[in-house]
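Colleague: Chain B: place on chain A using the hints.
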Amino acid sequence: MKDGQKRAHLYCHCAYAKVIDPEVKRQVLRGLSESDVAFEAVPDLCEMSARKDPTLARLSATPGLEITACYPRAVRWLFHAAGHPLPAGDEVKIHNMREESAEVILERVIGAPGEKEQEQEMSS
Amino acid sequence: MSHPVQERLRVVLYEGPGSTALESEERFETLNALLEGGYGVTRPKSGGTVSPEDDATVMLLGRFEGPAPLESRREDGRPALLVRDIERRGAEDVVAQVAAARDQAGIAEPGQWTPWFPVIDYDRCTNCMQCLTFCLFDVYGVDAEGQIKVSNEDKCKTNCPACSRVCPEVAILFPKYRKGPINGDVVKQEDVQKESMKVDISALLGGDIYKSLRERQDTARQRFSTERDESRALLERKRCLGELKDALDIPDEVLMTLPSAGDIEERARRAKEKAEKRKARSQSVKDGGASRAPSQDEWGI
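Taken in sequence, the protein lines are chains A and B. For reference, each letter of the first sequence is one residue, going 1 to 124 in this note's numbering. For reference, each letter of the second sequence is one residue, going 125 to 425 in this note's numbering.
Chain A with its partners taken away, still in its complex shape:
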């Protein structure tokens, strides 16, 4: 991934189970939708993995992918199970909505409040 290039973001809604606090999902999705971050939102990575959904090939091949879903170990092996493993190492960042708060995740994905304005001032 090139310096300064914005990361592609993937959000999993875990739609077919109640294992993620709905309020966390709601806050994260709301935060993303109100931000300037481009993102892909999928209903459920588990279902896509089981169905070997080719969309996962497209996503795993996206440079600098950042994922908001559940446990990183689960996310990695779900992609692997679909036949489209994520790049090894730290290239892919994974945020865990089962353990982390919406505030922490959004701060990492979007940046701390005011950070964006600072970035804009720096670039102008």
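These are computed hints drawn from the structure, not numbers from a lab. There's no promise every hint is true.
What the hints assert, rightly or not - 25 Å max Cα-Cα, derived PhoX-like pairs, lysine-lysine: (1) B:312 to A:93; (2) A:93 to B:401; (3) B:303 to A:18; (4) A:25 to A:6; (5) B:401 to B:273; (6) B:401 to A:25; (7) A:6 to B:169; (8) A:18 to B:281; (9) A:52 to B:401; (10) A:18 to B:279; (11) B:279 to A:52; (12) B:273 to A:52; (13) B:279 to B:312; (14) A:18 to A:52; (15) A:93 to B:303; (16) A:93 to A:52.
To be verified - Partial chain A-side listing against chain B, Cβ under 8 Å, derived: (17) 15; (18) 40; (19) 50; (20) 73; (21) 108; (22) 111.
It should be emphasised that the depicted structure is a prediction, and the values quoted were computed from it without experimental measurement. We put the beta carbon where it would ideally sit given N, CA and C, even for glycine.
Modeller: For chain B alone, kept in the frame of chain A given last:
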């Protein structure tokens, strides 16, 4: 999986040049409704990165200021680009529009199956085959190289994590399970010890629990054959299988669909045969006698 994805729909919520941006709440409600309806959404932003185009049918949703972009088809006649103006449409209406377009394009309806199935952590898996031996529902298989794999995700019984409880390496995940490390949480040393103590599969195959179950069921069967009370028979069966439920966290509804003790014994016998064949083959490879992986027939799968 019995029904892998064929045709796909990529919904794009477009708010760029030539369109009017949605109100914040409207955008969120639309995204949320689409996701709850089982539709993925791409939300591009200027200067941002989204994954590249592939062969999915793109459905462009937007409030177009002028003429909407023209729809197009591929050479084979399949739709390449579908366009819907969502001006003055509520979130549920947008979902209905997408669903109608999906039907028209012949794309399968999402969300028809609860995605509960095992996922193997190959960094931990030692290919011991205990999951294959233990699973009563033919979820597991082996690939051409003899590596364990999940073959039939949709045969897995929802909320049953039993195979992960017998895995000595804690290598089987159920991402939607409520507790770690089975849900994908980091595996700690105490987890490995705890899980390995839960059930000793060799003891199971040795017949300890199954023998006990069989004896209880035989007793129950004799009694019920005279009483002909099916509901009591079911209750007795459930009580007998309670040991498995406690040890492996198997849901009641799965317990009630378990095969008979005889079926289980037959399965254990076949698994032992497979293991012996595998051992013999492994020995043969060590001795230089074989150079190919066992076929699925040889595994009896």
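Colleague: Each hint: holds or not?
Modeller: Do the hints match the structure? See the list:
1. Between residue 312 of chain B and residue 93 of chain A, the direct Cα distance comes to roughly 22 Å. Compliance with the 25 Å bound is thereby established for this hinted pair.
2. Restraint check for residue 93 of chain A and residue 401 of chain B: not satisfied, since their Cα atoms lie roughly 43 Å apart, outside the 25 Å limit.
3. A C-alpha spacing of about 13 Å is found between residue 303 of chain B and residue 18 of chain A, which places the hinted pair at or below 25 Å, so the restraint holds.
4. Between residue 25 of chain A and residue 6 of chain A, the direct Cα distance comes to roughly 22 Å. Compliance with the 25 Å bound is thereby established for this hinted pair.
5. Distance restraint check for residue 401 of chain B and residue 273 of chain B: the Cα-Cα separation of roughly 18 Å lies within the 25 Å cut-off, and the hinted pair is therefore satisfied.
6. Between residue 401 of chain B and residue 25 of chain A, the direct Cα distance comes to roughly 49 Å. Violation of the 25 Å bound is thereby established for this hinted pair.
7. Annotation: proposed proximity of residue 6 of chain A to residue 169 of chain B holds, straight-line Cα distance about 11 Å (limit 25 Å).
8. Annotation: proposed proximity of residue 18 of chain A to residue 281 of chain B holds, straight-line Cα distance about 17 Å (limit 25 Å).
9. For the proposed pair residue 52 of chain A and residue 401 of chain B, the alpha carbon gap of about 31 Å is over 25 Å, so the pair is violated.
10. Restraint check: the Cα-Cα separation between residue 18 of chain A and residue 279 of chain B comes to about 21 Å, which is no more than 25 Å; the hinted pair holds.
11. Between residue 279 of chain B and residue 52 of chain A the alpha-carbon distance is near 16 Å, which keeps this suggested pair within the 25 Å criterion.
12. Proximity of residue 273 of chain B to residue 52 of chain A is assessed by CA-CA distance (about 14 Å); at most 25 Å being required, the pair is judged to hold.
13. A distance of roughly 30 Å separates the Cα atoms of residue 279 of chain B and residue 312 of chain B; the hinted pair therefore is violated under the 25 Å criterion.
14. A distance of roughly 23 Å separates the Cα atoms of residue 18 of chain A and residue 52 of chain A; the hinted pair therefore holds under the 25 Å criterion.
15. A threshold of 25 Å between alpha carbons decides the hint, and for residue 93 of chain A with residue 303 of chain B the separation of about 23 Å falls inside it, so the pair holds.
16. Proposed proximity of residue 93 of chain A and residue 52 of chain A is supported: the alpha carbons are some 22 Å apart, at most 25 Å.
17. Restraint check, residue 15 of chain A versus chain B: the minimum CB separation of about 6 Å is within 8 Å; hint holds.
18. Nearest Cβ of chain B to the Cβ of residue 40 of chain A: about 5 Å, under the 8 Å cut. The hint holds.
19. Given hint, residue 50 of chain A at the interface with chain B, holds; its Cβ is 4 Å from that chain's nearest Cβ, closer than 8 Å.
20. The interface hint given for residue 73 of chain A holds, since its Cβ lies 4 Å from the closest Cβ of chain B, which is under the 8 Å cut-off.
21. A cut of 8 Å between beta carbons decides the hint on residue 108 of chain A: the least distance to chain B is about 16 Å, and the hint is violated.
22. The closest approach between the C-beta of residue 111 of chain A and any C-beta of chain B is roughly 13 Å, which is over the 8 Å cut-off, so the hint fails.
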